[in-house]
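Whenever a hint applies, use it, and build me the whole structure from the sequences.
The lines below spell out each chain.
Protein chains: 4
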Amino acid sequence: MAIQGKDEKHTGSIRLGMVGGGNDAFIGGVHRIASRIDDKYRLVAGALSSTPEKAQASGAALGLAPDRTYDDFKQMAIREARLKDGIEAVAIVTPNHVHYAAAREFLKRGIHVICDKPLTSNVADAVKMVKAAKASDALFILTHNYTGYPMTRQAREMVQDGLLGKIRVVQVEYAQDWLAEHQDIKQAEWRTDPSRSGAGGSTGDIGTHAFNLAAFVSGLELESLSADLQAFVHGRPVDDNAHVMLRYKGGARGMLWCSQVAPGNENNLRLRIYGEKGGLEWAQEDPNYLWYTPFGEPKRLITRNGAGAGEAAGRVSRVPPGHPEGYLEGFANIYSDAAEAIIAKRNGTARPEGVMYPTVDDGLLGVRFVDACVKSSSRDSKWVSMTG
Amino acid sequence: MAIQGKDEKHTGSIRLGMVGGGNDAFIGGVHRIASRIDDKYRLVAGALSSTPEKAQASGAALGLAPDRTYDDFKQMAIREARLKDGIEAVAIVTPNHVHYAAAREFLKRGIHVICDKPLTSNVADAVKMVKAAKASDALFILTHNYTGYPMTRQAREMVQDGLLGKIRVVQVEYAQDWLAEHQDIKQAEWRTDPSRSGAGGSTGDIGTHAFNLAAFVSGLELESLSADLQAFVHGRPVDDNAHVMLRYKGGARGMLWCSQVAPGNENNLRLRIYGEKGGLEWAQEDPNYLWYTPFGEPKRLITRNGAGAGEAAGRVSRVPPGHPEGYLEGFANIYSDAAEAIIAKRNGTARPEGVMYPTVDDGLLGVRFVDACVKSSSRDSKWVSMTG
Amino acid sequence: MAIQGKDEKHTGSIRLGMVGGGNDAFIGGVHRIASRIDDKYRLVAGALSSTPEKAQASGAALGLAPDRTYDDFKQMAIREARLKDGIEAVAIVTPNHVHYAAAREFLKRGIHVICDKPLTSNVADAVKMVKAAKASDALFILTHNYTGYPMTRQAREMVQDGLLGKIRVVQVEYAQDWLAEHQDIKQAEWRTDPSRSGAGGSTGDIGTHAFNLAAFVSGLELESLSADLQAFVHGRPVDDNAHVMLRYKGGARGMLWCSQVAPGNENNLRLRIYGEKGGLEWAQEDPNYLWYTPFGEPKRLITRNGAGAGEAAGRVSRVPPGHPEGYLEGFANIYSDAAEAIIAKRNGTARPEGVMYPTVDDGLLGVRFVDACVKSSSRDSKWVSMTG
Amino acid sequence: MAIQGKDEKHTGSIRLGMVGGGNDAFIGGVHRIASRIDDKYRLVAGALSSTPEKAQASGAALGLAPDRTYDDFKQMAIREARLKDGIEAVAIVTPNHVHYAAAREFLKRGIHVICDKPLTSNVADAVKMVKAAKASDALFILTHNYTGYPMTRQAREMVQDGLLGKIRVVQVEYAQDWLAEHQDIKQAEWRTDPSRSGAGGSTGDIGTHAFNLAAFVSGLELESLSADLQAFVHGRPVDDNAHVMLRYKGGARGMLWCSQVAPGNENNLRLRIYGEKGGLEWAQEDPNYLWYTPFGEPKRLITRNGAGAGEAAGRVSRVPPGHPEGYLEGFANIYSDAAEAIIAKRNGTARPEGVMYPTVDDGLLGVRFVDACVKSSSRDSKWVSMTG
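Chains as they are written, first to last, in my numbering: chain W, 1 to 388; chain P, 1 to 388; chain D, 1 to 388; chain V, 1 to 388.
What you were told as hints is all true, and nothing was included just to trick you.
Because identical chains cannot be distinguished in the list, a pair is counted as satisfied if it fits within a single copy or across any two copies.
Restricting the straight-line Cα-Cα distance to at most 25 Å, the calculated cross-link-like pairs of lysine-lysine (PhoX-like) are:
1. 277 with 186
2. 249 with 382
3. 345 with 108
4. 108 with 128
5. 345 with 84
6. 345 with 128
7. 375 with 249
8. 345 with 131
9. 131 with 74
The hints are simulated quantities; they were obtained by calculation from the structure and are not laboratory data. Fair warning: this is a prediction, and the values are worked out from it, not measured in the lab.
Quick look at the structure:
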């Protein structure tokens with residue numbers, strides 16, 4: 001509880017490039033802030049747009065050197081790989097359908113990839129991505145950023161420590177409202193275009209986050225699902241609301257709801273897990289709190305870095321309890337853990353204890369999840385196995 | 001907002017009898033308090049237990065006259081129907097499997113029935129109950145008490161007024177934790193015995209409440225459902241957790257979760273409804289609040305009897321906003337509305353505007369809902385039509 | 001946590017009269033409901049208004065016999081005292097300045113008095129009231145109803161059990177907004193008229209509640225106070241907002257804020273108590289919750305009748321945790337505890353363990369509190385001793 | 001509500017130095033993160049500790065060049081002022097008593113000062129600081145960081161727009177619990193040593209924040225105060241709890257509570273402002289929410305960057321509503337606004353609209369506030385004028 005300093009240790013910046021994330025983009029800026037917060041990266045190169053003029057303008061706006069502002073990611077991969085001080089890692093923040101093509105170029109040249117989710121826009125690409133990542137010496141980090149929040153790590157640690165006993169029920173949801181009507185903005189446009197986002201709409205954009213977070217915290221493996229997908233907005237070619245029932249290996253059962261048409265929900269990602277011995281509840285919009293009920297005892301409010309919070313959360317907290325950390329800090333935790341892994345690799349040393357980040361395998365599961373949702377829904381909600 | 005009095009108007013007490021609700025019972029006491037709050041009933045007779053000694057002791061404890069304390073409901077129906085000042089209404093608060101047999105005796109003698117939910121323990125009995133009720137001149141009131149809360153009525157009124165536009169999504173849940181382990185108490189015992197509770201466990205006990213409330217507020221009619229039921233506690237012969245996907249007529253979709261094994265949940269009945277123009281959220285444990293978001297505007301907190309609350313809620317509120325009313329007051333609203341209907345019938349006058357209560361038809365829907373859940377779950381979650 | 005019945009035991013109704021509380025009144029109706037909830041009183045007589053026509057009409061509306069509907073409380077006291085089945089107790093629910101004159105008539109005839117707060121409109125009357133109550137064989141119950149909430153009793157019990165250690169800080173507030181503008185309604189009118197309400201406006205109407213509740217839970221005795229009172233609404237002759245600093249015997253310190261001009265506050269009575277070992281927080285608008293933090297541990301949410309709640313709260317709870325009880329039930333607890341005391345007295349038996357209610361002495365303290373606030377404020381917030 | 005990008009514009013980093021903030025420090029690390037988030041500063045020099053070995057080790061840990069790691073701030077000011085690429089701004093994050101001596105050296109050499117609060121440990125130094133700042137061409141920024149939260153700026157904007165009407169009541173509090181017992185850690189030690197922190201304990205450390213925030217949002221000027229200060233922990237030479245009544249110019253009244261001994265409070269800074277037409281409520285631990293009640297209408301929840309939020313909040317938001325921003329982002333807003341002012345000054349251009357930060361004058365008011373609290377408390381809570 002006390003105010004205590006946390007010593008920083010400057011470990012030498014990682015030279016970072018970025019694909020996508022030019023002007024008008026949303027998630028690129030988030031990645032950049034996340035990379036800066038703990039001073040572990042320096043952005044030095046970018047292929048920030050597929051439109052050359054925009055790529056140049058965006059690079060200039062970010063203060064990149066003109067000769068390291070590229071019009072195309074392949075050209076960037078080739079040249080940076082040859083430079084003595086070329087990038088060591090690249091952040092890929094394009095629409096989904098470009099992820100694989102871009103990542104491949106960097107992976108095969110040994111440049112670490114930090115890739116936005118979902119991994120790809122379809123299963124075939126996802127399988128190829130896994131293959132490419134395994135074949136490469138480089139690391140692959142997927143930014144399922146909600147796993148970077150201290151209190152989701154706290155929750156995971158409590159589950160692993162057995163505080164919930166055998167898990168029975170998982171309730172997870174991610175509700176938004178911004179697509180309740182047709183939107184004419186860039187962020188809406190590509191997300192509702194199957195050729196770029198993939199066959200899943202809300203399932204791919206946010207359902208994958210919910211699915212991933214539930215797995216991260218519970219440690220459960222999804223066996224099969226039964227889904228009912230809807231596109232409520234007239235003419236929308238992908239789902240904007242999805243109801244999914246889940247069967248996990250070992251007997252746990254769950255429900256997942258994702259929606260982009262639920263007025264009053266901004267980014268209402270909420271996870272509740274119930275086991276034989278206790279329950280946990282967490283909500284992304286109030287991320288510094290974790291509710292824990294040991295069965296038969298009063299509910300307890302565990303706060304980030306506060307009384308009752310453990311190692312896993314403390315390791316990724318920067319400020320004392322009661323001083324809220326948010327989305328950007330959680331995102332930064334993925335970046336900083338990735339940095340620690342990259343530096344350990346660079347130095348040939350052991351990865352520090354506690355470092356964790358979502359991998360290409362998690363990404364494949366996410367894409368399979370979307371695929372299974374679409375398949376089940378098209379078969380009148382028949383149960384579909386996650387293993388195909 | 002201002003403190004204002006609400007004039008009481010003593011309308012002449014209704015003579016009430018009770019079947020079930022002797023010592024150790026839970027819901028009987030609730031019915032008795034509910035009947036007293038607005039001074040519209042007087043309990044004068046009872047068949048409070050199927051065990052004669054207990055029936056007598058319970059009657060004495062409640063101050064009933066010995067000659068109006070019965071050992072058996074049939075005997076009570078027969079005699080009370082003959083008395084000049086015999087009961088005008090009877091509350092049936094036994095385990096589910098007795099509801100029909102008991103109600104029938106009173107209905108056929110023209111005594112109004114106020115019956116606990118679910119209507120019966122199986123569809124066959126429910127159909128017979130409907131028939132009996134329609135054949136009788138007496139009223140039939142089903143105590144789906146959550147429809148008595150001022151703010152669920154407020155929500156219903158807002159939906160009817162079109163504030164949400166066409167409804168798209170219904171999320172409803174009722175979670176408890178008291179059956180997370182095997183319980184050796186009376187209240188647990190009959191609720192987990194299919195011969196008394198019916199084929200549904202959590203679905204019948206609390207799932208029906210959730211289903212009914214969603215229908216009450218949304219005005220939607222359920223078309224079909226897909227369910228995955230579980231009995232997590234070893235050896236339990238009925239479900240203690242259920243995941244249900246809902247398809248309503250007209251295109252709305254929903255999810256229903258009920259559970260009695262979710263640690264940290266006491267009586268967490270929560271309803272969220274989203275339409276084209278707005279969203280509503282209500283939780284039974286904080287019943288004086290209703291959250292309303294007109295799409296694109298800030299969320300608003302409407303309080304019982306407070307600014308923004310309308311006629312339907314004000315009609316059934318007793319105290320100013322900020323002075324919370326609770327479960328018993330909500331239950332009492334069902335009783336008091338029933339009383340107004342009974343008195344109107346007694347006097348041959350029009351039923352006052354705004355009077356409402358759940359009917360035998362609502363009860364049949366509830367029993368069909370449980371039946372469909374069990375059926376769907378046994379068919380690997382195949383969609384099952386509510387119309388059989 | 002489990003659903004369990006609570007056996008009722010009909011102890012024989014107490015015959016109750018009422019002074020004040022006719023049509024248009026607010027608190028009279030609350031007293032009547034409170035008296036009915038646990039079936040321990042029967043209203044049989046009333047002097048419901050000082051206006052004869054209104055007294056008669058109100059009595060008829062409540063179903064009182066015409067010969068027990070009085071035009072004047074003195075006449076009622078005289079006649080009822082002579083009746084074989086005359087009233088045993090009287091509820092006094094008039095404006096403050098009438099309390100003493102009315103109570104006196106009943107006390108001297110041995111009729112128990114249940115009196116609304118504040119005790120009187122000035123200290124002189126309050127001292128006389130104490131004298132009259134001590135001289136009488138009858139009981140005197142003051143309806144500081146917030147002490148009837150299960151969770152304020154839970155809090156008191158926890159303080160008495162030493163869970164907070166030595167208390168250091170008390171923060172209490174009662175904020176409303178209904179008098180933010182001039183109001184032309186009856187309830188506003190007498191409350192802002194010093195000849196009827198007394199010299200205190202918000203201090204007398206709600207500040208006394210806050211003061212009383214803090215004392216009830218903390219067990220602390222107020223030594224002195226320093227106050228700054230305001231009348232923000234133009235022309236209002238009494239305070240509508242008050243800031244008060246508190247010094248308790250033994251070294252604890254506190255702050256009290258009461259206001260009737262704070263938009264967004266309905267009946268925001270909130271108490272926070274901090275000791276060497278822990279803290280407690282309670283809010284009247286969400287009365288089923290009590291927050292408890294043992295220093296250095298996570299905050300715990302104790303719910304009425306739920307895990308972690310003790311004897312004192314369980315004794316006055318009617319329904320399981322998660323089924324909220326509210327203002328009327330809390331008020332009823334005062335009535336029901338009074339009934340148990342009255343019956344014990346009637347029967348010459350010991351008062352059951354746990355029975356408690358605010359007394360005439362608490363009432364005198366409340367009136368002294370208002371007097372001290374007014375005095376201190378008029379002396380530029382000089383500290384004023386509570387002992388005069 | 002929609003997800004939209006916010007274009008970054010790299011404006012050229014400001015070369016930053018730091019005084020204090022070496023290993024074991026708390027607030028230094030916060031300043032460094034805050035300076036990085038929006039990529040507007042680059043830390044290039046430091047006198048990080050008054051202990052030479054620690055200064056060197058800390059500089060190395062942060063990756064500073066050895067020749068720009070100083071043992072003493074004066075030496076740093078002298079040398080950096082001469083370097084061609086010397087620091088343009090310095091962050092002073094030492095204990096309070098060093099602020100003036102350090103700031104003076106930089107101010108007189110034209111180096112902008114970003115100084116932690118409170119401004120100084122006593123009024124005499126504060127007055128000298130004002131003089132030094134006015135005499136210098138450099139900017140002076142005081143990190144009352146809570147004014148950097150988007151929703152406190154939103155609140156201020158709403159007050160300025162007249163949505164509350166004339167303000168009547170201010171309730172502000174800042175409660176912590178970490179000093180409820182004697183603490184043997186560095187952060188506790190200097191904060192409770194009057195020779196370093198000043199005469200105020202909790203009043204100086206957190207009371208100044210509360211006072212400043214209330215002034216920032218309300219726009220009100222404090223006229224006088226009446227205080228009752230306590231040191232509850234045995235032997236503590238400064239206050240650890242304070243009760244303060246406030247009188248603002250123009251007739252508004254307020255209460256301020258600050259405490260470091262209230263178990264269950266982490267950094268519970270909470271502001272409530274009530275005017276003739278409405279009320280606002282904000283809490284630092286949930287900083288993305290602002291509650292607004294127009295008198296007579298339902299309470300509204302305004303979210304950062306969401307529906308109902310205006311220009312002032314949007315300007316300093318980085319991510320969409322529902323993705324929480326926290327303490328570090330709020331702190332960063334002060335840094336980034338300072339950067340915009342510094343760059344405007346560097347370029348001789350107009351300061352962009354909306355740029356704001358606390359000034360040396362705000363700092364003087366804060367120190368006067370502490371002084372007045374101590375003075376009033378020592379005079380038995382006599383009202384003390386803020387103008388001396």
